[in-house]
Amino acid sequence: MSLFSRFMDGWRKYRKPGYYDEFDYHWTMTIDLDKCTGCEACVTACQAENNIPIVGEEEIAKGREMQWIRVERYWEGEYPNAKLSFIPMMCQHCDAAPCETVCPVGATYHNQDGLNTQIYNRCIGTRACAVYCPYEVRYFNYYDHEWDSPLEQQLNPEVTVRGKGVMEKCTFCIQRIREAKDVAKDDDRRRVQDGDVQPACVQSCPSKALVFGDRKDTESQVYQSMNDPRNYRVLDELNTDSSVFYLKKVDA
Amino acid sequence: MHRPMTTETFKLGYNDIHDDVIRSIVKTGPKYYIALATAGGTTLLCFFFPWFYQLYYGIGAAGMNHPGVWGTYLASFIFWIGLSHSGTLLSCVLHLTNSSWRKAMYRSAEAMTLFSLVVAATYVMVHVGRPWFIHWAVPYPNQMELWPNFRSPLMFDVMAIATYITGSTIFIYMGSIPDFAAVRDRTSGWRNTMYTLLSLGWRGTDKEWHRLHWAYTFLAVLIIPLAVSVHSIVSWDFAMSIVPSLHQTIFAPYFVVGAIYSGTAGIVTVMFVLRKSMGFEQYITKLHFDNLGKLLLVLSLIWTYINGVELFTAWYSGTSEEYEALNYKLFGYYSWLYWEMIIFCAVLPMLMFSTRFRTSFVPMLILSIAINIGMYTERFLIIATSLSRQYLPDAWGTYVPSPVEISIMLGSFALFTTLFLVFVKIFPSVSMYEVKETMATPKMEPAAPAAGSPA
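Chains as they are written, first to last, in my numbering: chain A, 1 to 252; chain B, 253 to 707.
Keep in mind that the hints were calculated from the coordinates and are not lab data.
Just so you know, these numbers come straight off a predicted model, no measurement behind them.
Quick reminder that beta carbons are idealized off the backbone N, C-alpha and C, glycines included.
Don't take each hint at face value.
Claimed, not checked - Facing chain B, from chain A, some residues (calculated, C-beta under 10 Å): (1) 87; (2) 123; (3) 204; (4) 234.
Stated by the list, open to error - Take a look, some chain B residues computed to stay more than 12 Å from chain A by CB distance: (5) 283; (6) 315; (7) 494; (8) 651; (9) 671.
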C-alpha cells in the first residue's frame, strides 16, 4: 500500500462521524451525592493504590497538594444557618478533553477505552494541560518525592512511581482495568463483565456512592445509574463531554 | 516619514563613519571589560546558578503551585519574545517604507531581536519540568516513530520561534555583509581573518549590491508576517484554553501590539545606552527619539484601547466566572500590579504628546524603562490573575514568585546584556553603508580614497 493511500485511509477514518466515540469500552463513573458522606475514604484509597507522593506540610501550605481525587467543600450561608455541601472531584476523563489538544508532545491522549491517559515517560512538564483543565485535577511533581520508611514498603508494584517534572492525574486505576482485560481474555471471555473491575475509590466507598463500569454495556449498573433523572455533569456547558456523572443531592 | 537627517549627520564624511564605527569594534577600553565582567558574572550567579539548582532539585524551587502552574518563567518568556518584536519587525517596516531615519539604529535593534529570542528560548528550557527532553516538541524522524502533537499551540510556538530566530539571524547577517567587508579592509590579524570569513568575499560590485538589495527587501517582506504570526501564536497558548479571561479572540492582536509596544520601548532604552557609551551622538539623534516617541504613543493608545475591550468583553459575557475573573483582576490580590501597569503603560505615555518630551533623552529613557516594567507586569498578570480564579472555587489560590524565580528574571537581563556586549565588538553596531546612503555624495578628491572601500 502506498504511503498516500495509507494516509488517505487514515484521513477517512479520522473524518468519519463518531470516530472519537468508537471505543472498545467506555469507562464511566457515577457519583451519587445523596449517598456521599464526604468521609474521604476514596482519597486515602487512591493515595495508597496509585503511589501518590506524600508532599508534606510545607508543600501543602504552598498549594502543592497531590490528591488524584479530592473532596471539595462549599459553604453556604452564615454561621447559625450555615450549610456545607461537598463534591468529590477527580479527572473527568472528558471525551473532548482540553488537556489532550494542548500537550505539545502528546503525552496525554485518549485511548481505545475512552480513558484520558497520561504517559509519564513522554511528559516534558510544560504544565499546559493543568492550565487547560477546567476541573483543576492535574497534579505536577515539583520534586522527586520520597516515602519515609516504612511507607516505601507499601508502594504498589503495578503503578509507576513518578519522578520530578512530570504531570499526573487520576487514571481510573488503569492498572486494574488492564488486569481485568487480561483475565477476561485468558478466560475466553470476549469482554470484561460488569463488576470485574473497580478503581480503588469505588472499592473503598462505604456508602456505595461511587459506581464504575462500562457505559457500552446497557445492562451495567453504571449505565442505569448515569440515566438517573438526577444526573448532571460538572461544567457541562464547556462541552468537555466528561465521563463522570454526578447524581444531584435532593434536599428533603 | 520621509524627512532628511538632521544637519549634524551631514557634517560627517564617509571616512568619519568608518573611523567611528570601526573604533567602536577595535578600541576596547577598561570600561568595556568591567561591564562585560559584571554582566557575565551576574549572568552566572543570578541566572545559571539558580537554574542549575532548580534542575537538580526540581521545578519546586520556583514558586509555582496548584492553580498557578505557570508563573514568571512564562511571563518572562512572553516578555522577551515581545521585546524581540520591534527590532527586526520595525527595521523591515521602515526599510519597506524607505524611512531613512531607520538606518543609523536598525542594526542594534535587530541584534536586540536576536538576543531577546535567544533569552526567550532559554526561558522555555527554564520553564518546563524536564528540559532534557525538550527536543520531543520538535518534529524530527525518530526511532520511537513518535511525532509531536500538531494540534498543540505550544508546538506551533516551537515552530514559530525557530522560524523567527532563523529568519532574523539571516536578516541581520545579510544586512551586515558590506559592513563586514568594510571592517575587513581596515583591520589586520585575527580580526581580518574573521571578517574575511564573515564577509563572504564581498567586493562591492554593482551586481553584488543589486542582489543584496533584492534579497534584503525579499526577506523584509517575508519577516513582517512572520513576526506578526509569532506573537499571535504565543497568545494562542493562552487564548486556546478555556480559562476565563484567557479565552478571548482579542488576544492575538493584543499580544502583537503589546510586543511591538514593549519592543519599541526597548529600542529607545538600547539607543540611549549605545548613544552614550559608544559615542554615537552624531548618528543617533533627537530625530530618532522623536520618531520612536510618536510610534510609542500610537502603540500606547492602541494598547489602552485593547485593554478596554478586554474588560468590556469580560463584563459583557455576563457569566459568573468572567465576572469573578474581572473583579479579581481589578480589585483582587494582584490589583495593585494592575493599576501600576495602567499608569506605566497607558497614563504616563500620554506625556509623549509633547514634542519637548519626545526630544529629551533622559525623560524618554525613564519612560521607556517604565513602559517595559509595565509590560512585564502585564504578562505576569495575564498568567497570575487568570490561573488564580478558574471555574471551581475550591481550586482557587494565589501564586507568588520564589527567590529563585526573581533571581533568574534579573539574571536574564544580565544574560541579554552579556550577549549584547559581545555583539558590539563583533558586528558594526551602526550600519555604515546605509548611513552613508543618507549623506550627500562627497566630491571626489584628486587623490583616490583608501582602496577596496567602495562601500
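Against the structure, the hints come out as follows:
Using the Cβ-Cβ criterion of 10 Å, the hint placing residue 87 of chain A at the interface with chain B is satisfied: the shortest such distance is roughly 8 Å. For residue 123 of chain A, the shortest C-beta to C-beta distance to chain B is roughly 7 Å, which falls under 10 Å, so the interface hint holds. Interface restraint check for residue 204 of chain A: the shortest CB-CB distance to chain B comes to about 22 Å, outside 10 Å, so the restraint is violated. With its C-beta approaching chain B no nearer than about 8 Å, residue 234 of chain A sits inside the 10 Å limit, and its interface hint holds.
Here residue 283 of chain B stays apart from chain A, with its beta-carbon at least about 42 Å from theirs, past the 12 Å limit. Look at residue 315 of chain B: its CB is around 8 Å from the nearest CB on chain A, not clear of 12 Å, so calling it non-interface is violated. A cut-off of 12 Å between C-beta atoms contradicts the statement that residue 494 of chain B is not in contact with chain A; the least separation is 6 Å. At roughly 8 Å from the closest C-beta of chain A, the C-beta of residue 651 of chain B falls inside 12 Å, breaking its exclusion from the interface.
The Cβ of residue 671 of chain B lies farther than 12 Å from every Cβ of chain A, with a closest approach of about 25 Å, so its non-interface assignment holds.
Of the numbered hints given earlier, the model fails hints 3, 6, 7 and 8; all others are met.
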